[in-house]
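Colleague: Residue-level listing of the chains:
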Amino acid sequence: EAGVAQSPRYKIIEKRQSVAFWCNPISGHATLYWYQQILGQGPKLLIQFQNNGVVDDSQLPKDRFSAERLKGVDSTLKIQPAKLEDSAVYLCASSLERAGGPLTQYFGPGTRLLVL
Amino acid sequence: AQRVTQPEKLLSVFKGAPVELKCNYSYSGSPELFWYVQYSRQRLQLLLRHISRESIKGFTADLNKGETSFHLKKPFAQEEDSAMYYCALLTGGGNKLTFGTGTQLKVEL
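From first to last, the protein sequence lines stand for chains Z and P. The first sequence runs 1 to 116 under the working numbering. The second sequence runs 1 to 109 under the working numbering.
Note that these hints are calculated values from the structure, not bench results. Careful: at least some of the hints might be erroneous.
If you want the ones that stay clear, here's a sample from chain P, every Cβ over 10 Å from chain Z, calculated [unchecked claim]:
1) 8
2) 15
3) 17
4) 40
5) 54
6) 59
7) 60
8) 71
9) 82
10) 83
11) 108
Straight-line C-alpha distance at most 30 Å; calculated BS3-like pairs for lysine-lysine [claimed, not checked]:
12) Z/83 / P/22
13) P/22 / Z/78
14) Z/11 / P/96
Covered by chain Z, according to a simulated footprint, are these stretches of chain P (three or more residues, beta-carbon under 8 Å) [claimed, not checked]:
15) 41 to 52
16) 96 to 107
For clarity, every value in this text was computed on a predicted model and none was experimentally measured. Ideal Cβ placement from N, Cα and C applies to all residues, glycine included.
Let the sequences and hints guide you as you build the complete structure.
Modeller: The following block contains the structure:
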């Protein structure tokens, strides 16, 4: 089966500019996650969608980050305006709908963002 | 709050030597733990989960609730085991993962 797709793979912007990332999950996966991975750290969950509804966005900096999954399939994550500390790899993952047990999350290749 | 600690940033072993990657967690609920692996130029992927009690690629991990640990072990390291390993803790009812900072395993010939 096709894996999680993300684009772009790399992005370089200047601080205060805006940027958007796109993710297409594995077909049939109801749950979609966006993670931020800063160099030297593990992935940190930013937001989790179940279909087109938000399950958890407690760690999303809502003053500058936004995300949507309007049709319950693909998703976009936006940063506006970007700061230097937003430089990181942004990972998208998806899983089947949770049904009583932990479900494997499948990760995309990530988008590497550099803010200058 | 939940936390996952991987004390070693880098672990270097010789081929054929035993490997142990350490993971400790802090969580007030009933823990569900995972090991994820990222090989060079590949995606992050699930290696194993504690509830399955399985051995994947020769790796095993046992949950020790008394010591709040979930160390990853392999008796004989292979060159292809060289990768970044992340321990992760599942919390809440929404399949939320909290990751450790990762350990880079380097297997030398």
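Colleague: Each hint needs a verdict: does it hold in this structure or not?
Modeller: Right, here's what the structure says about each hint:
no. : hint        : verdict
1   : 8           : holds (13 Å)
2   : 15          : holds (27 Å)
3   : 17          : holds (26 Å)
4   : 40          : holds (13 Å)
5   : 54          : holds (13 Å)
6   : 59          : holds (16 Å)
7   : 60          : holds (18 Å)
8   : 71          : holds (17 Å)
9   : 82          : holds (18 Å)
10  : 83          : holds (14 Å)
11  : 108         : holds (22 Å)
12  : Z/83 / P/22 : violated (34 Å)
13  : P/22 / Z/78 : violated (36 Å)
14  : Z/11 / P/96 : holds (27 Å)
15  : 41 to 52    : holds (count 6)
16  : 96 to 107   : holds (count 7)
Violated hints for the displayed structure, listed by number in ascending order: 12 and 13.
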